[in-house]
Amino acid sequence: MCTVLLPPPDLAVDRSAITRLMTALAMKVAPTRAGVWTLLDTPDHRLIQAGQLLVRRPGELAVLAAGRPAEALAVQPWTARSLPRLLAEWPAGPVRKRLAPVVDIRALLPLAAVPMQGVIASRQDDHGKTVARLAAWLATPTGTAPLLWVVVAALRGYRHEHRTLVAELVARGWRVSDVEPLTALRRSVADDAVEDGLAGFTDGTQPAGAALCAWLSEAVQRLPPLEAGVKDDIDTEFLHDLRVTLRKMRALTAQFKTVFTPAVGERIRTILGDWSRASNAVRDLDVWLLAKAEHAALVPASLRPGLDIFFAALAVERPAAQRRLAARLGSAVHRRERAALAKLLAAAPTGPDATVPLATLAALRTWKTFRQAARDAALVHAATASAEVHAVRIRCKKLRYLLDACGELTAPDDHQELRDRLKAVQAVLGTYNDVAVQSAGLLQRVSARGTPPAVLLAMGAMVGALDRTRAGLTQPLLNGLADLSASATRTRYRRLFRPATEA
Amino acid sequence: MRTLALLSPKGGVGKTTTAVALAVRLAALGQRTLLIDLDPQGAAGHLLRVRPAAPVKAKRFWDGGAEWEDLVRAADVPGLDVLPAATSLRRTEVVLEGLAHPRWRLDAQLDGLAGWDRVVLDCPPGSGLLVENLMRAADLVVVPVPPSQLALRTLPALAQLAGHRAERLRPVVVMARGAHPVSTELRRTWPSTFATVVPFAEAVESAAAARTSVMLSAPRSRVAMAYRALATEIEAALAATAPA
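Chain order of the listed sequences is A and B.
Following our numbering, the numbering of the first sequence begins with 1 at its first residue and continues without gaps.
Following our numbering, the numbering of the second sequence begins with 1 at its first residue and continues without gaps.
Part of the chain B face toward chain A, derived, beta carbon under 8 Å: (1) Gly30; (2) Arg49; (3) Val50; (4) Arg51; (5) Ala53; (6) Arg73; (7) Ala74; (8) Asp81.
Result set (DSSO-like, lysine-lysine): computed pairs, CA atoms no more than 30 Å apart in a straight line: (9) Lys292/A - Lys423/A; (10) Lys129/A - Lys59/B; (11) Lys423/A - Lys368/A; (12) Lys59/B - Lys10/B; (13) Lys97/A - Lys292/A; (14) Lys57/B - Lys129/A.
Cβ-to-Cβ under 10 Å is the rule here; a few derived chain B residues that face chain A: (15) His46; (16) Leu48; (17) Glu69; (18) Leu71; (19) Val72; (20) Ala75; (21) Pro78; (22) Val82; (23) Arg211.
It should be emphasised that the hints constitute simulated quantities derived from the structure, not laboratory data.
Glycine residues also receive a C-beta, built at the ideal position from the N, C-alpha and C atoms.
Looking at chain A on its own, in the form it has when it is part of the complex (with noise of 0.2 Å):
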């Protein structure tokens, strides 16, 4: 294992320092390394998850080990000035073979770029082999003070010379560190996107129709850049990220609905409706192409050639739905939507409960969502119809906007375990459902003239296995809607969010 080496707290970080360190070390040292890095990873931060750096340096990509970029998992030359943001535009070669499974159809987009000056020195035995190595990085990111640490590699079978190595630098003053400074920059661009999500409220005792337009503004803010995103294509994590905007913004302009006037409401939900309804088209078929590993498990191999033309023909459905959400999103009509959007936002909301605080709003709707979502859950029985399950899933969708949104103001103390439960139930609720969707649009795509032999074989074998799929979650849907309609979580929604006029 590689050894990680900060600088003596007093040590001024310059290239100097390693010019002098180098020196004391009587290494063997080789030129100087000196570029910009720049740190690369999907939307969604797939790489980093999976404990890898994706580097694009000087003359070449490296995918680099999180917590010891010494070793490089692989290098692959590339001296082209732009690199295309899909994977499979990359040429061959290891490290797109290295990418391939995890980034899959994901764009990779560049995060941080980090001037680096590196140097690379070697410790040689009387045969001239190298018996330790280190690595000396000098970063210097914009907005934070330079980095300065070593690696001593870890070679195997000079184990003893690694340790003298280490014992030398600590004698100077050097620290061994867990951390493993590039690894750590790249994990806080990481933090710094996740923290970027919509914000709950925070102040429970502002009036519930000025607090929902700010963060209704707020909301209308981040939908632009997620826009542009869709617009060119850049990578599937943008529509959805937009689309689950809209949803909230949707569900929590519903939920508050007696703020606003009746047109007004009415207004607002009509826009973000139909902006959600114009990605339907390729969120369906972007949800089919992601899932195409999946899918193919799922039917024997001799039925593969089949789902591939059934794929094929989705991968040319779906540049024609995107260009045609494009110029939604690019048109007249949209910018006429936005500006009528942030004009009745700005203005002061009229309805018959825009002055109530919006805790005390919020707590009687997450107890009314809740007896909803409790009252279906509980009708839900083995042979219930896939629609009123649907129903289900979107209170419970009603519900956690509620709870992600509120809950901080509502129930400060018990949000946070009232959300992971109903997540839970969430997460079986949306599978089933997505298996059941699937399942219809398989059987309604199968009704189409024309359909070759091969595909209705493996779109047949297709909807038996999502069948089963759907036959084997009926009993953990069951178990987890009794938890949400159970006696013991109706007293406890009730203790918390009932109102006391209602008691």
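Using the hints, position chain B against chain A.
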């Protein structure tokens, strides 16, 4: 993990040069490669400047007393590790005779290795128990054959020793100086001979003098190009054969 052995009953036919060149090339192709030097002369380790970490007795080396993984050392080539030979391996044949299942010892030791995609075995000349071990353990046995009648006549004996595993034997013409009737005869009698012909080259000797592989010292030379082609053929052959 796939295992490749370089074997010939004759000495001086280029086994070590070929083993090291192939190991370097396989590592460059992204295969995590381990070169095991079974020849007590230790020439493979010498070429790559890798000395044994500690002396190990032949009996411990073969009876499982010594973990081979603990004897492995990193070469100065990314992706390549070396298990250098100990001089005690000159007693290999005697030691193997005294052990239970003497023909399966190599197979058992290789079973204990993990973390490599390719293992390249550099073997000493001979035709004893070690060769029988190789026939059982290796997925592919590459036999370097210089264009000489004496080298050619070693093949039938090796095939007889291999028995039903003879299809794993794949000759390769090495040290060739232009077209030679022996090469033609080899291809006629052994159709599985690799298409690549490794030419004779002074660069090989220069590399040995500098204690390196010709793949590193003269990567654009004809001989290095031939070894690249051979590695490609070997990868294809490994892909087409079931593991031993």
